[in-house]
Amino acid sequence: MSVTRRIAMTVNGERHEADVEVRTTLVDFLRGDLGLTGTHVGCEHGVCGACTVLWNGRAVRSCIMLAVQADGAELKTVEGLADGATLHPIQQAFLEKHGLQCGFCTPGFMMSIYELLTRDSAPSEEDITDTLGGHICRCTGYQSIVEAVHLAVEKMRAT
Amino acid sequence: MKPPLFDYATPATLAAATALLVQYDGEAKLLSGGQSLVPLLNMRLARPAMVVDLARIPDLDYVRADGEGFAIGGMTRQRSVELSPEVRVRHPLLYAGMQLIAHPQNRNQGTVGGSLAHADPAAELPAMALALDATFQATGPDGVRTIAAADFFLTYLTTALEPAEILTAVRFPTLPARTGWSILEVARRHGDFGLAGVVAIVGLGADGRVASARLVLFGVGATPIRAAGAEALLVGHAAEPALFAAVATRAAADLEEPLTDVHASADYRRDLARVLTGRALTEATTRARSA
Amino acid sequence: MTGHDDIPKTLAGLPNSAPRYIGQPIERLEDPALLTGQTEFIDNVVLPRMLHCAILRSPHAHARIVSVDVSEAEKLPGVFAVITGEDAKRWSNPTMTVPPGWGTHCLATDKARFVGEPVAAVAAISRYVAEDALELITVEYETLPAVADARKALDADSPLLFEEHGHNVMLQKVFTWGEVDAAFANAAHVVQQTFRWNRLGANPLETFGVISQWDLIAGTLTCRGSFQAQGHYAMARAMVFNLPLNKVRFISQPHGGSFGGKGGARGTDITALLSRKAGGRPVKWIEDRMEYLAGGASQAWDRHYDAALALDADGKVTGFRVKLLDDLGATAEGWGAVSAAKPLSNFTGCYTIPAAQYDLTIVATNKLPGSPYRGMGPPPHNWVQEQLMDLAARKLGLDPTEIRRRNFIPPDAFPYTIASGNEYDSGDYRATLETVLEMADYPALRAEQARARAEGRYLGIGVVNTIEPGVFDWNAYAIVGQPGTGVPEGCTIGIDLFGKLTIRVGFSLEGQGQYTVAAQVLADWFKIDITDVRVVALDTLSAPPHFGPGGSRLGVALTGAVLGAAHRLTEKLIAVAAALFQTTPEHVELRDGMIGVKGMAEAQMPFQEVAQTMLARSDLLPPGVDPNPEATYVWTAAGRTPADEQGRAKSYLTAANACHVVLVEVDIETAQVQIKKYWIADDCGTRLNPANVEGQTQGGVAQGVGAALLEEAVYDEDAQLRTSTFMDYLLPTIYEVPMTEKRALCTPSPFTPLGAKGCGEGAMHTTPAAILCAINDALIPLGVQLFEIPASPQRIWTLLQRR
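Order-wise, the sequence lines are chains A, B and C. Here the first sequence is numbered in the numbering used here, starting from 7 and rising by one per residue. Here the second sequence is numbered in the numbering used here, starting from 47 and rising by one per residue. Here the third sequence is numbered in the numbering used here, starting from 78 and rising by one per residue.
Hints listed in this document are in silico derivations from the structure and should not be mistaken for laboratory results. Be aware that one or more of the hints could be misleading.
When the alpha-carbon atoms are kept at most 25 Å apart in a straight line, the in silico SDA-like pairs for lysine to any residue are as follows [what the hints assert, rightly or not]: (1) B:Lys75 - A:Arg12; (2) A:Lys161 - C:Gln101; (3) A:Lys161 - C:Lys577; (4) C:Lys577 - C:Asp616.
Values in this document were obtained by computation on a predicted structure and should not be read as measured data.
Full structure from sequences and hints, please.
Written as structure tokens, this is what we have:
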């Protein structure tokens, strides 16, 4: 018999309350219940990083979290990056440096990069590589993504 | 890949949590960081009747320096240990080992207690715990007890924790003066479980000879393995390459059947254990000389 | 009326004195929607009353299906339809295959032929409930012996995949081009070697997904999904379901990568049958990653090679023999056989090899049916050839670069027809080689290698050249039974009332930046701002004739379609403008966005105004002029010839060329390989958008690294899959992929729009060979060589124990 729980959380600054089946994964909740389909599902076992969102400011793999674990949390997804019609500097950097091709892995990458750059405005190459190392991109071969991160660092320091 | 049906609880106290474990008599699973459990749920390889989420229990998330070690709560995120400035300065082995665990995104969620209780034979935290003679605090329905690392890892994915016990804290002693360390592993990709790994801790005496030695091999057996026979060859002797080679050969030879899987045969793992032991001893000794 | 020859072959042919987009790394139009998460991938699509599908798959590699009991599953609340092979037999045909006759229904009927083969399926209110329902289905299997080894599948007493054939050989033929036997008989040197390339595959980040809706009353089937080639899959489904093609509507959603095989035939058929059984409700299936790895388009190139080069005393290759045993898996449904045919398009590589032979056997085993994967066959073939060139160099005491120089097709020999029949359009292989050697400072690399060897370290250098064929045609695959010639790509260009332009195409986004290229070309033709152009994808019933991406064709084909349509539209505008200027069309031209009388600078108007006149004042139009300011053009490569009995045909239109130099270090104690540096010189003719090209190149390098070192679908001898998750099937991360230094050369194609060559598959043709050759170069002093891929640490370690 299905067990449900009422949970409440803030996503991209907006409060949501819902009854969820306790077995629902966080990514399915975000995509299905909240309609935030910018976060993608690539593997459902925590390897590829396409599902990465920020949970209380930390980049986590939402395919291996239960929605109920986010009860009371503050979440941020790719939909929370742009400011109205203005792309976030990270998004803008990806655009300028061709840091994406099919774009499926991109939201996940950007959330991890967001965590890194809000914690450290001048990250080392090692830290950048370590952050990006938790994600798989099948299209770009990573070189333009690294360039996008460097440009994002510059852009965020300028703002 | 969607989880099967299960019940779920978020107990507010340890007593409530252990009571649930007693009530469900082996059919409950503890949820801490979820990095091991939730993939198993998604694959329907784990089918608990009840998932007990420890997140609401207070005072399980801390990193405290206490003189000669660090006490770390069971629900402490691996990333918190890694980002602790005190750990970085005072426990460089623990700091280095944390960075080998998967990727930052896993470490943001995965917990120290979760990794130790799961006891994957190729995991870094169990190996470091064994090498450092860590002590484990287990809380059960009948109270709290301390388990030594040497007694904690029983066999594949199995620890000395009773079914209704929760790993609530671990204490990692720091290294004394004139002691060097090394943690090395060979993995197919950065962040993967190692095909083989070694933790080496070497203490030098005033005469420059090896005064103490700890060698733990991981990824090559059902649990992390203390290479006691190899350690014995080190103590009292001059720390030099020829010795390290002999010790490494002994450590590898002493391994009972290492695992064979799709990535590495038992023979290859055994040889990696030998090579990594030699390299780890060299690195640990170099660090000991400047420690 | 616009013809093929009206399409400009150079920028000078555009009616624009200063084009500013073509050839520039323009930011992509598709990116803002992708970056904000707005792009509508299939799993974003929700339709009213939609159900979710889960598929029950065989746990056995080979088993008779005795019974399937779905009664308990049907009773589970939330379940609306359950289907089995009986339903598939009743309502569908077995799928078409290439070679023909080796296909089945979408659900196993009498037996299961591979682990992961669909046996039953459920449609329920959620994927969660659907998976619960699967657990209530009881299947009685009678297991049969399975065959996992291609060589054993040839034995007379092997288990048979299709009993009615009496054997497992899907195809066996020897193709001989030129005097091969004489070449080998008279050779001064022969180099022969066996090679093993293990299964691996595409693994786009997005798996396949589909929503099917079968309206029994209207008799229509509508499928939305991540289809790489919507028209191709629609046609196949129409045949499977005996539906007229105009009752089948396929809508391709933007998708998260494909790399060759994204079309999900079985998933589409299964959801269609479920929809039918559920009274026409839409049914969605999103393939999960484990399903993809075991049962999807995830495996290719399971190959045993025995190959040889014949050389004269000067190191000129006089003959090339390749014997290939290609294990296609349990059926030919995945179209993987085309990968065994494509090597004919570049069989002899960059070299003037006059005689060659291809002894091809395609065999069935109880493994996943193979699918196309980027490169489609040449990646393994190129590895075999380039490794043999290195072995030959060593035998003759030549540097690997020197033996290649001695054999290159010279730059004045183009167009050049190779022994296997295809024609290379243009190239300067020597220039590519010398460029990359200069980038890498090759003599310094060799010096560094020598110093390292003296210190007991093993560095290896790989220098590998390949042809990367582009712009495929069906005739390239004729030898495996693929019929037909001619792959069309059409687009319709229209100008609206406010003077903005829309390009309508028949494919959706996949990652290669094609919409941006189309907009660049059109914006330069009409000298407008690229932001004035919009590209929209149409479905199979409304789009002009199309194929979409594949075989490194779309950049060229789409450019041809856009230019052709632009030319045709310009003709219409000129006809109208001539009437407005009271002259005749031959006195009117398009120049820098203006339509005007030739030689009269003041008699002109913006082309948008002509279009507005057409839309608003059709009464002013001269007779015989189509009033709609829109035009369609369908581009197809010219001069494609049907294949002869030896498979020879002008197939792939363009021949891009690349030379890679890679420096690796092999740690002989741990058997790990580290890629230290990587240089690429490549020539794909005119680069329409250099950023796109570099992205494709670097992406190809990453997949090539995966193929060389990490990726392998492993089956045990009972044909059980051992690599069922991303814990065991290893994709390269940033740590494993080198950042490469790239330089572009350009020998334009004389045959294509603007001289561009197909380049999307790019580096995948070259990187695996480069890395494996480099590893073997490192191992020379140790007296061992590796001829199996991936070069995993385990394989290298095992090899090193024999030194």
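Hints and how they fare:
| no. | hint | result |
| --- | --- | --- |
| 1 | B:Lys75 - A:Arg12 | holds (21 Å) |
| 2 | A:Lys161 - C:Gln101 | holds (23 Å) |
| 3 | A:Lys161 - C:Lys577 | violated (33 Å) |
| 4 | C:Lys577 - C:Asp616 | holds (22 Å) |
Violated hint: 3 only; the structure is consistent with all others.
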